[in-house]
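Undergrad: Heads up: the sequence lines are chains L and E, in that order.
Residues in the first sequence are numbered from 1 upward in steps of one, following full-length UniProt numbering.
Residues in the second sequence are numbered from 1 upward in steps of one, following full-length UniProt numbering.
Honestly, I wouldn't trust all of these hints.
Stated by the list, open to error - Taking lysine-lysine and the DSSO-like style, the derived pairs with C-alpha atoms no more than 30 Å apart in a straight line are: (1) Lys272/E with Lys108/L; (2) Lys57/L with Lys180/E; (3) Lys273/E with Lys108/L.
As the list claims (entries may be wrong) - Simulated restraints on C-beta separations: (4) Asn90/L with Ile2/E: 40 to 46 Å; (5) Asn177/L with Thr237/E: 54 to 60 Å; (6) Asp11/L with Val149/E: 50 to 56 Å; (7) Ser207/L with Thr237/E: 42 to 48 Å; (8) Gly80/E with Lys59/L: 32 to 38 Å.
Claimed, not checked - Partial pick of chain E residues on the chain L-facing surface, computed with a CB cut under 8 Å: (9) Lys160; (10) Phe167; (11) Tyr171; (12) Lys180; (13) Gly223.
By construction, these hints were calculated from the structure, which means they are not laboratory data.
All figures in this text were calculated on a predicted structure; none of them were measured in a lab.
Glycine residues also receive a C-beta, built at the ideal position from the N, C-alpha and C atoms.
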Amino acid sequence: MEQKTVINIRDVSFRYDRENVLEHINLSVPQGAFVGLVGPNGSGKSTLLKIILGLLKVKEGKVELFGIPQHKFKDWDQIGFVSQKANSFNTGFPATVFEVVMGGLAKKIGIFRRPRQNEREAVEKAVKAVGMEPYLKRNIGDLSGGQQQRVFIARAIVSNPSILILDEPTVGVDSQNVESFYHMLTYLNKELGMTLLLVTHDIGTISDKVTHVACLNKYLHFHGSMKKFIQLDEQELSHLYGHGIRLLDHHHDH
Amino acid sequence: MIEAIFQYEFLQNAFLAGAIIGIIAPLLGAFIVVRRLSLIADALSHVTLSGIAAGLYLGQAVPSFGAVNPLYFGMIFSIGGSLLIERLRSVYKHYQELAIPIMMSGGIGAGVIFISLADGFNTDLFSYLFGSVSAVSRGDLFAVMAISVIVLLTVFLLYKELFILSFDEEYAKASGIPSKAVHFAFIILTALVIAVSMRIVGILLVSSLMTLPVAAAMRIAKGFKQTIWLSVLFGETAVLVGLFSAFYLDLAPGGTIVVTSIILLLVIIMWKKERN
């Protein structure tokens, strides 16, 4: 069966000032996949995510979301996003779990409108799906890192998106909870049919969970199903991990 | 005093204006504090001072300006100042707080020039600096009412957008809400509230009415809505207690309101400690 492509990146390059961060990236995410996007620090993973989310404007190449060119794409609540927790929120903020998750519905409810009963129920449902319902009325700052990250997942899925994008979601989550965290992601992928795009620098923990892998280090070095990835030999694998210069030499050989 | 309020128009003006400011200043203050923009309120109040001083000077120098309430000059300067701060914050991306001392000194500097031009300090100016129970005119009261309607309506209609922008700016942008426009509306509102609040609390102390009640509320509130309600409750208490004591003890209300807020804050902090 031909699977629909929900994210389609064609020949995208990106530079900050003079520094090239991404070069000729081609990446397609099929519907229902669980894609692990791996690469060392500074490999352009976060930049690629920002491009997909429309936070950075693409000047070279094109991005399609659900088959629609990105600049014409309006259905942003179809895409849930969980950022690196440490970067973007201040832990002392006086907001309850309920209030935080309701934030995920703002776009859907629309400007100038206020949430109603069905939106409140959607919030409770999302909080339940991540196993945080006992904490609904608690301040977000009083929770542990792992619990907070679950709350942010609830916020990302409350609008019922078909794609969920996660940027290093387990940073700051203790190893005990990481396993149950991935268990929950698998549930979202398998049971709720959500397409997941997970960014991480650690391929070890995700290798038995994802269906597809993309290895990024300025260039996209490998992109394919997990089965193919496992068949790569060691030498090829070492290429994937951050030897961009050597790959440049290969280009000269052509 | 209750009788006096019914009797004297100036007391009606002061108490009504105070009661309204006691609501809208902490209401906006809640967003300002959680966004770590507390000092911006301070910078804007100093810019407002230069606007008021310009208004007072123009009123003297150009007879046709004499009838214009200096408050409106204050508002215009305050809005201009807020836009400049935004501009400066994007110029100094990595030192955003630099915008505050730049605007603060700029505001005071320009203010001092206009004050000198207008032949130095007078009682009118004193009341703008520290607030006044007797100097609030009907015109001031109407300005406060008009601004409060705009503020309440905007916060009511844009509550969830303002909340997300405050909680997590990156997420707000990613989820596609018009964060620039919402932030713009917010900063204009802040400028307006500062301009009208200073009639009661005074320029030098106006930012405290936006931050101290919120600081107290944050110690004990569960959630952001509760933070807002408690902030308004504390702010209103401080304004009313402050105005009463200012009237009876013949003090400038700016001082009594701020001292009341500080006492409230200390009580809350100690009560919270006791409870843990």
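Undergrad: Each hint needs a verdict: does it hold in this structure or not?
TA: Going down the list of hints, with the structure as the test:
Between Lys272/E and Lys108/L the alpha-carbon distance is near 38 Å, which puts this suggested pair outside the 30 Å criterion. Among the hinted pairs, Lys57/L with Lys180/E is consistent with the structure: their alpha-carbon atoms are about 17 Å apart, no more than 30 Å. A C-alpha spacing of about 41 Å is found between Lys273/E and Lys108/L, which places the hinted pair above 30 Å, so the restraint is violated. With their beta carbons about 44 Å apart, Asn90/L and Ile2/E fall inside the hinted range of 40 to 46 Å.
Checked against the hint of 54 to 60 Å, the pair Asn177/L and Thr237/E fails, with Cβ atoms roughly 43 Å apart. Remark: the range hint 50 to 56 Å for Asp11/L to Val149/E is upheld by a beta-carbon distance near 53 Å. Checked against the hint of 42 to 48 Å, the C-beta distance between Ser207/L and Thr237/E comes to roughly 59 Å, which is inconsistent with it. Distance hint for Gly80/E and Lys59/L: a CB-CB separation of about 35 Å, consistent with the stated range 32 to 38 Å.
For Lys160/E, the interface hint holds, the least distance from its beta-carbon to any beta-carbon of chain L being 5 Å, beneath 8 Å. Interface restraint check for Phe167/E: the shortest CB-CB distance to chain L comes to about 6 Å, inside 8 Å, so the restraint holds. Because the smallest distance between the Cβ of Tyr171/E and any Cβ of chain L comes to about 6 Å, under 8 Å, the interface hint for this residue holds. Here the hint on Lys180/E is broken, as its CB sits about 13 Å from the closest CB of chain L, past 8 Å.
Interface restraint check for Gly223/E: the shortest CB-CB distance to chain L comes to about 4 Å, inside 8 Å, so the restraint holds.
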